[in-house]
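Peer 1: What follows is the residue order along each chain.
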Amino acid sequence: MSAELGHYALILALVMAVVQTTLPMVGAARRDALWMGLATPAVIGQFVFVSMAFACLMHAYVVSDFSVMNVAANSHSDKPLLYKFTAVWGNHEGSMVLWVWILAVYGLAVAAFGGNLPPTLKARVLAIQGFIGAGFLLFSLGTSDPFIRLDPAPINGNDLNPLLQDPGLAFHPPLLYFGYVGMSMPFAFAIAALIEGRVDPAWARWVRPWTLLAWCTLTAGIVLGSWWAYYELGWGGFWFWDPVENASFMPWLMGTALLHSALVAEKRDALKSWTVLLAILAFSLSLLGTFLVRSGVLTSVHSFASDPARGAYILGFLVFVIGGSLALYAWRAPALKATGTFKPISREGALLLNNLLLVVGCATVFVGTLYPIVLDAIDGSKVSVGPPFFDKTFVPLMAPALLLTAMAPFMAWKRADLGGVLQRIWLAALALAGAIALIYATHGGPIGPAIGIGITAWLFVGAIVEFADRLRLFRVPLAESMKRLAGLPRSAIGTTLAHAGVAVLAAGCIAGSAWRTETIGVMKPGDQATLGDYTVTMATIGEEPGPNYSAVVAEMRLMKDGELIDVMYPSKRFYPVQGQQTTEAAIRTSFMSDFYISLGDPDEASGGHGVRLYHNPLVPWIWIGAVVMVLGGLLSLSDRRLRVGAPARARARRAERPAEAGAGSKAS
Amino acid sequence: MKRKHKRLMFVLGGMAALGIAAGLVVSAFDENLVFFFSPTELAAKEIKPDQRIRIGGLVEAGSLTKETDGVTVRFSVTDNTKSLAVRYKGILPDLFREGQGVVAEGRMGTDGVFEASEVLAKHDENYMPREVADALKKSGEWKGEKHGDAPAGANSGAPAPTEGATQ
Chain G
14 MSAELGHYAL ILALVMAVVQ TTLPMVGAAR RDALWMGLAT PAVIGQFVFV SMAFACLMHA
74 YVVSDFSVMN VAANSHSDKP LLYKFTAVWG NHEGSMVLWV WILAVYGLAV AAFGGNLPPT
134 LKARVLAIQG FIGAGFLLFS LGTSDPFIRL DPAPINGNDL NPLLQDPGLA FHPPLLYFGY
194 VGMSMPFAFA IAALIEGRVD PAWARWVRPW TLLAWCTLTA GIVLGSWWAY YELGWGGFWF
254 WDPVENASFM PWLMGTALLH SALVAEKRDA LKSWTVLLAI LAFSLSLLGT FLVRSGVLTS
314 VHSFASDPAR GAYILGFLVF VIGGSLALYA WRAPALKATG TFKPISREGA LLLNNLLLVV
374 GCATVFVGTL YPIVLDAIDG SKVSVGPPFF DKTFVPLMAP ALLLTAMAPF MAWKRADLGG
434 VLQRIWLAAL ALAGAIALIY ATHGGPIGPA IGIGITAWLF VGAIVEFADR LRLFRVPLAE
494 SMKRLAGLPR SAIGTTLAHA GVAVLAAGCI AGSAWRTETI GVMKPGDQAT LGDYTVTMAT
554 IGEEPGPNYS AVVAEMRLMK DGELIDVMYP SKRFYPVQGQ QTTEAAIRTS FMSDFYISLG
614 DPDEASGGHG VRLYHNPLVP WIWIGAVVMV LGGLLSLSDR RLRVGAPARA RARRAERPAE
674 AGAGSKAS
Chain A
161 MKRKHKRLMF VLGGMAALGI AAGLVVSAFD ENLVFFFSPT ELAAKEIKPD QRIRIGGLVE
221 AGSLTKETDG VTVRFSVTDN TKSLAVRYKG ILPDLFREGQ GVVAEGRMGT DGVFEASEVL
281 AKHDENYMPR EVADALKKSG EWKGEKHGDA PAGANSGAPA PTEGATQ
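So the sequences go chain by chain: G and A. Each residue of the first sequence is one higher than the one before, counting from 14 in this note's numbering. Each residue of the second sequence is one higher than the one before, counting from 161 in this note's numbering.
It should be emphasised that the hints constitute simulated quantities derived from the structure, not laboratory data. Note that CB positions come from ideal geometry on N, CA and C, so glycine has one too. Any given hint could turn out to be false.
[Said to hold, decoys possible] Pairs of lysine-lysine residues, derived as BS3-like cross-links and limited to a Cα-Cα distance of at most 27 Å, are as follows:
id: 1; chain 1: G; residue 1: Lys427; chain 2: G; residue 2: Lys356
id: 2; chain 1: G; residue 1: Lys496; chain 2: G; residue 2: Lys280
id: 3; chain 1: G; residue 1: Lys356; chain 2: G; residue 2: Lys280
id: 4; chain 1: A; residue 1: Lys208; chain 2: G; residue 2: Lys405
id: 5; chain 1: A; residue 1: Lys226; chain 2: G; residue 2: Lys537
id: 6; chain 1: A; residue 1: Lys249; chain 2: G; residue 2: Lys537
id: 7; chain 1: A; residue 1: Lys208; chain 2: A; residue 2: Lys249
id: 8; chain 1: G; residue 1: Lys280; chain 2: G; residue 2: Lys427
id: 9; chain 1: G; residue 1: Lys280; chain 2: G; residue 2: Lys350
[Stated by the list, open to error] Pairwise CB distance ranges, derived in the manner of DEER restraints:
id: 10; chain 1: A; residue 1: Arg234; chain 2: G; residue 2: Gly337; range: 19 to 29 Å
id: 11; chain 1: A; residue 1: Gly183; chain 2: G; residue 2: Arg43; range: 49 to 59 Å
id: 12; chain 1: A; residue 1: Ala221; chain 2: G; residue 2: Ile168; range: 50 to 60 Å
id: 13; chain 1: G; residue 1: Leu435; chain 2: A; residue 2: Arg234; range: 57 to 67 Å
Isolated chain G, as found in the complex:
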């Protein structure tokens, strides 16, 4: 029964979405308050019905209702409860429902917090969100219905792919989708602004926190996926420039650019049409990312074409949304007049240049990701574009971007003095030179990674120095600095954290790729293997049962300089339902490096097991850096000046404490 209820709720949600799209849009054009006001109940209705559909699907999974095709294909009665929940979005159809549900949540947020928005803007924003929702609901109902029944129902299901039965991956899709769909907020605001023909700082004040929220969740989602790949795939790497990864990385790059240009639009009333363009592109790439992964086009151009309805719909929707919004942009953007002017050397200039680098970097990722697909579609040639391509295109573009990231916060708005800026970050320059020299002296080899680490040292020290500057640390008594710290806007602390986090993450990526060492061998109990300063001894190996799998677990003793430092348990699991194996790597993390053991197949000839050992320097920094970045974003989000509906109170507060107002206007 619940499946039919869910299906019906999904249809009602579509009806609501159509109402939400059409009436408020027409109402805004005709300045009809009643029609515009219809948006809010429609949003609530859509939210309620999508939630119902989502709950019905979840219910079907939890009670293992295998008469629902989607459940039968992706679940199994023996599966742990957590993965019964997460299997809901572990497949194409269910993930589309999750997508629409998140969109409905965002719509609800606009309806709830948008009281201070001009009514026409609010109505148009909601109408555009309604349109996106309608597009996805129609897709879901028409081509990927999660509620189709099976008759007769199978006794049990096919189970969820064991690789996905993992806590890291369980929450990766929802976070990622909160990021993807979050980009629909700036997009809806951008389209509404184009229709209205104006972008004012109030507009940017709305766009920025939502972009920031999307950025935070997208960052967390991407890194969670990368972390999962690191420990679950068992081959020691954390980022593979795989098209599926790139699909999520492109909106992140564009979103990062948008975050910074929205800042200029808000504070300086400049770069307005550029901000609108970035908002359109960021969401377009989110859509592309969703569909690239979900449509199967990545696995085969032919599988994409083999379901003509799905393929044609996706292509049509993408062309309409992206093409339509870009056409609207071309037509209306000239109307967006900016009042703020600035010199090339200024904070605006630095942010703009960084924007350009991010966008162009994103373009290289785009080319590297889509070129093989396009070539295959054109003449059937099979090529692949691997990590070396991205190392040679994306990475060199990011080097100046990171250099600039440290400098921009030192620059004044409108016009900055480059000499003065360099004078203030001499410590960062020292770190840059020192790190390069130190690493080159100790590691030698190609200079590239050393320069990379130098740049991250520059960025990290630059971020810290800028923060210390704000507190006038060591130039005024410590108590005075502490007082300044308490008065500092949270967004300023957030900026410092986010920039420092980027530096830490980038250092981890560079070191983890450049100086990784590994060895492989066959080991029996009692055998030893060495890697660098480490010695690993296999103590025992044996079978252990799990809830829906059986595992082979080895006990490995990790020694360094003759001392036992850890006992590790790498294992290999076998899931009988899908007949599949997974590798559960054992990782010993210290602050500076990971020691990583993955277990391979048994070797009949010698009676041992294949074992792979990796030493990954600085890889823990990737996760630390990402956590710091997200914390920075969230802290900035909690700044009351960004809090929606609080501008009036914030102004009052600023008037009270003029000393902070100066620091506040500098905050980025």
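Chain G is already provided as a structure; the job is to place chain A on it using the hints.
Peer 2: Same frame as chain G, now just chain A:
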């Protein structure tokens, strides 16, 4: 005048950035595009020994052997017309099976054995790497996929392929 200058600056800056990126892309494409061949195509082609390529097909049943060091494996990849011997030092991915599709990246050795530095097999055992499926279609040996065409999984941002690690 001022606004015009600013726009010009913006456009020139953008063009310069795009130009640099285009240059990087073109030069990287030159060296880093890896072409895929089936064993039949490979037999008809002259491949330079230092060129990185991908090959793929089905792992021939009964062809998997291990060398005495215990970590170097040899197997044959076939498109049911021609087959090609492959050597790989490393741990095979979890989904590597005889009779299943496989893609390997590496170089042709001088002895005619393909030296793989990476072996890829995808998430789902029923799923065929796309190059392999197309190659089999070309050679007329395609028997269709068992379970739809999309790979299973919520790989909505995480890497999809389960690959054998690069050496």
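Peer 1: Against this structure, judge whether each hint is valid.
Peer 2: A quick look at each hint next to the structure:
As the CA atoms of G:Lys427 and G:Lys356 are separated by approximately 6 Å, the hinted pair is consistent with the 27 Å bound. The suggested pairing of G:Lys496 with G:Lys280 holds, with an alpha-carbon distance near 26 Å, which does not exceed 27 Å. The hinted pair formed by G:Lys356 and G:Lys280 meets the criterion: a straight-line CA distance of about 16 Å does not exceed 27 Å. For the proposed pair A:Lys208 and G:Lys405, the alpha carbon gap of about 23 Å is at most 27 Å, so the pair holds.
Using a Cα cut-off of 27 Å, the hinted pair A:Lys226 and G:Lys537 holds, with the two alpha carbons roughly 17 Å apart. About 19 Å separates the Cα atoms of A:Lys249 and G:Lys537, which keeps this hinted pair within 27 Å; it holds. At roughly 22 Å between alpha-carbon atoms, A:Lys208 and A:Lys249 fall within 27 Å of each other, so this suggested pair holds. Between G:Lys280 and G:Lys427, the direct Cα distance comes to roughly 11 Å. Compliance with the 27 Å bound is thereby established for this hinted pair.
The suggested pairing of G:Lys280 with G:Lys350 holds, with an alpha-carbon distance near 15 Å, which does not exceed 27 Å. Restraint check, A:Arg234 to G:Gly337: a C-beta distance of roughly 55 Å breaks the suggested window 19 to 29 Å. Checked against the given bound of 49 to 59 Å, the beta carbons of A:Gly183 and G:Arg43, roughly 52 Å apart, stay inside it. In this structure the supplied range 50 to 60 Å is violated for A:Ala221 paired with G:Ile168, their Cβ-Cβ distance being about 32 Å.
Range check, G:Leu435 to A:Arg234: Cβ separation about 59 Å, and the 57 to 67 Å hint holds.
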